[in-house]
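With the sequences and hints as input, model every part of the structure.
Number of protein chains: 2
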Amino acid sequence: MTKKIRVGIIGYGNLGRGAEAAIAQQPDMELVAVFSRRGAVDTIDPEVASVHIDEVDKFQDKIDVMLLCGGSATDLPEQTPQYAEIFHTVDSFDTHAKIPEYFASVDKVSQASKKVNIISVGWDPGLFSVNRVMAEAVLAEGNTYTFWGKGLSQGHSDAVRRVEGVKAGVQYTLPSEEAMDKVRQGENPELATNEKHKRECYIVLEDGADAEEVTTTIKTMPNYFDEYDTTVHIISEEELARDHQKMPHGGFVIHSGKTGAGHNQIVEYSLKLESNPEFTSSVLVSYARAAHRLAQEGQFGAKTVYDIGPGYIHPASPADLRKKYL
Amino acid sequence: MTKKIRVGIIGYGNLGRGAEAAIAQQPDMELVAVFSRRGAVDTIDPEVASVHIDEVDKFQDKIDVMLLCGGSATDLPEQTPQYAEIFHTVDSFDTHAKIPEYFASVDKVSQASKKVNIISVGWDPGLFSVNRVMAEAVLAEGNTYTFWGKGLSQGHSDAVRRVEGVKAGVQYTLPSEEAMDKVRQGENPELATNEKHKRECYIVLEDGADAEEVTTTIKTMPNYFDEYDTTVHIISEEELARDHQKMPHGGFVIHSGKTGAGHNQIVEYSLKLESNPEFTSSVLVSYARAAHRLAQEGQFGAKTVYDIGPGYIHPASPADLRKKYL
Chain Y
340 MTKKIRVGII GYGNLGRGAE AAIAQQPDME LVAVFSRRGA VDTIDPEVAS VHIDEVDKFQ
400 DKIDVMLLCG GSATDLPEQT PQYAEIFHTV DSFDTHAKIP EYFASVDKVS QASKKVNIIS
460 VGWDPGLFSV NRVMAEAVLA EGNTYTFWGK GLSQGHSDAV RRVEGVKAGV QYTLPSEEAM
520 DKVRQGENPE LATNEKHKRE CYIVLEDGAD AEEVTTTIKT MPNYFDEYDT TVHIISEEEL
580 ARDHQKMPHG GFVIHSGKTG AGHNQIVEYS LKLESNPEFT SSVLVSYARA AHRLAQEGQF
640 GAKTVYDIGP GYIHPASPAD LRKKYL
Chain P
340 MTKKIRVGII GYGNLGRGAE AAIAQQPDME LVAVFSRRGA VDTIDPEVAS VHIDEVDKFQ
400 DKIDVMLLCG GSATDLPEQT PQYAEIFHTV DSFDTHAKIP EYFASVDKVS QASKKVNIIS
460 VGWDPGLFSV NRVMAEAVLA EGNTYTFWGK GLSQGHSDAV RRVEGVKAGV QYTLPSEEAM
520 DKVRQGENPE LATNEKHKRE CYIVLEDGAD AEEVTTTIKT MPNYFDEYDT TVHIISEEEL
580 ARDHQKMPHG GFVIHSGKTG AGHNQIVEYS LKLESNPEFT SSVLVSYARA AHRLAQEGQF
640 GAKTVYDIGP GYIHPASPAD LRKKYL
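Top to bottom, those sequences are chains Y and P. Residues 340 to 665 in this note's numbering are what the first sequence spells out, letter by letter. Residues 340 to 665 in this note's numbering are what the second sequence spells out, letter by letter.
If you're looking for bench data, these hints aren't it; they were derived computationally from the structure. Computed from a predicted structure; not experimentally measured. Check the hints yourself; a few may be wrong.
Because identical chains cannot be distinguished in the list, a pair is counted as satisfied if it fits within a single copy or across any two copies.
As the list claims (entries may be wrong) - Okay, derived cross-link-like pairs now, DSSO-like style, lysine-lysine, Cα gap no bigger than 30 Å in a straight line:
hint: 1; residue 1: K597; residue 2: K506
hint: 2; residue 1: K663; residue 2: K611
hint: 3; residue 1: K662; residue 2: K537
hint: 4; residue 1: K437; residue 2: K662
hint: 5; residue 1: K342; residue 2: K611
In structure tokens form, the structure reads like this:
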């Protein structure tokens, strides 16, 4: 029996919690401890060690790979370069526009510390990124389309809840079926973001609020809703509590290409997720395995999903993968 | 301007022809020559050099990567170990059960010749294999289902044409929509191959043949049709020529998993191909790029899609991929 991969988690919000659950599902991993600025946290499994972040240095020889489960806005840009000095890491940095700069700042540390630090893992960036690149590599003449949803959008839900007369509510982003069908037919349409997506709001009104006025305010809100096909549903507090407490998400990457004498070739990848944070952290956890294996091969540096062979994230050996999965 | 990757093709059937077309679509590749046992062949682009296979040794310094486009039954098991001595290669060996033995025989040569030899590239084995492994790595608790179709099946078409009274015909394999829907709903059904697929035959009758008798003979044919939901359509020669000359194929890899407290998570990958051989050879061509880059890094040995980072098959640099696609 091979030794299990010893994993740690820094940050214990939805993502850290999902990572704890995902590690428990993996046959070859064990969770050593959860680290938080809050000190002890309420872990799913009460047996899991919960430690203040200031103590993390003491775990240098006890943890093979550290999962960084903080936010992209302020946590990760500071934490990843810091912890890359002493740990192999995997993180979910998802501010697309800042990835090159983030990669550089992590890689500078990794090159000196000789650690493997895999950045921007999850589903977008992450699995969607893999599919965009592979489909385009194979079908050079073609277009790639990314559609998101059905998904709960945190930013848009916040915007809805700020409207006067709204007591509570959520917003879902939905892919436009019409737009997706055009792409699947090989029509290669030009589509703006607002043509690819629709928005659906479920709100509870404050006592005495005017439904029509609130609806109009939401639908005409600049940047958030005015350019989209937006539907507003007025529901009761009971319905909100009963039907809208999950964090679903997902989406589609569709590549439409042509080969030879104009043959249409459609490649489609999609996710339908009942829990967005649990899925994202499951991806992080699988890449912890890759970080560990790359480190054992003597590799180091900042890495992305593009650098890593798919077999590295699966528990089976290369020989078993060839035999059972290829 | 970087030098283009110089590619050669051995074997000029549907796959070799598709490879010629695919290389022409890639910005960073050039086709040096096509090699065949038949000597000169009728290439799509008449400017392409067409050379007898016996001359291939002379091209050792003129070709960076050789695509082996022969068949899996007899060509590749002989050719790949032979040409792996002098070329980096990519092939589409697709006899799933024999892959371990084939890998070993190629790797033995590659280790000595220090060449990169990527085996079993295409869509199944190939892109489907990648998706089976990645989805299962992420969602450890779950089941993976592969459905094929709608696709023209050569073996089943041959079987139909051997039936007395059948003048000509084709057979398509179709995925069962009912079975796919069960999987997509997270039901994790147990499904035998004949529950996952249906078979559809389009046949032209010989003069005087009995439609009902022929239909019954086909539907009850052991191994090929008796255990499947099979439909037989009688059509005219004109209809066969007009509607059934393409080689469509495709299929679905659906992984249904659960995370945390039982949340369903569905990952789906699908291909809808108007030309199966053109798509397969497009995949081969993209992996020629990976073979070339791995060789430049000093790597060697037999490889599969599991060993190769997705970025290696795309023409853009790692920095550009991070900036534009991640």
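Mind listing which of the numbered hints don't hold for this structure, in increasing order? 1 and 5
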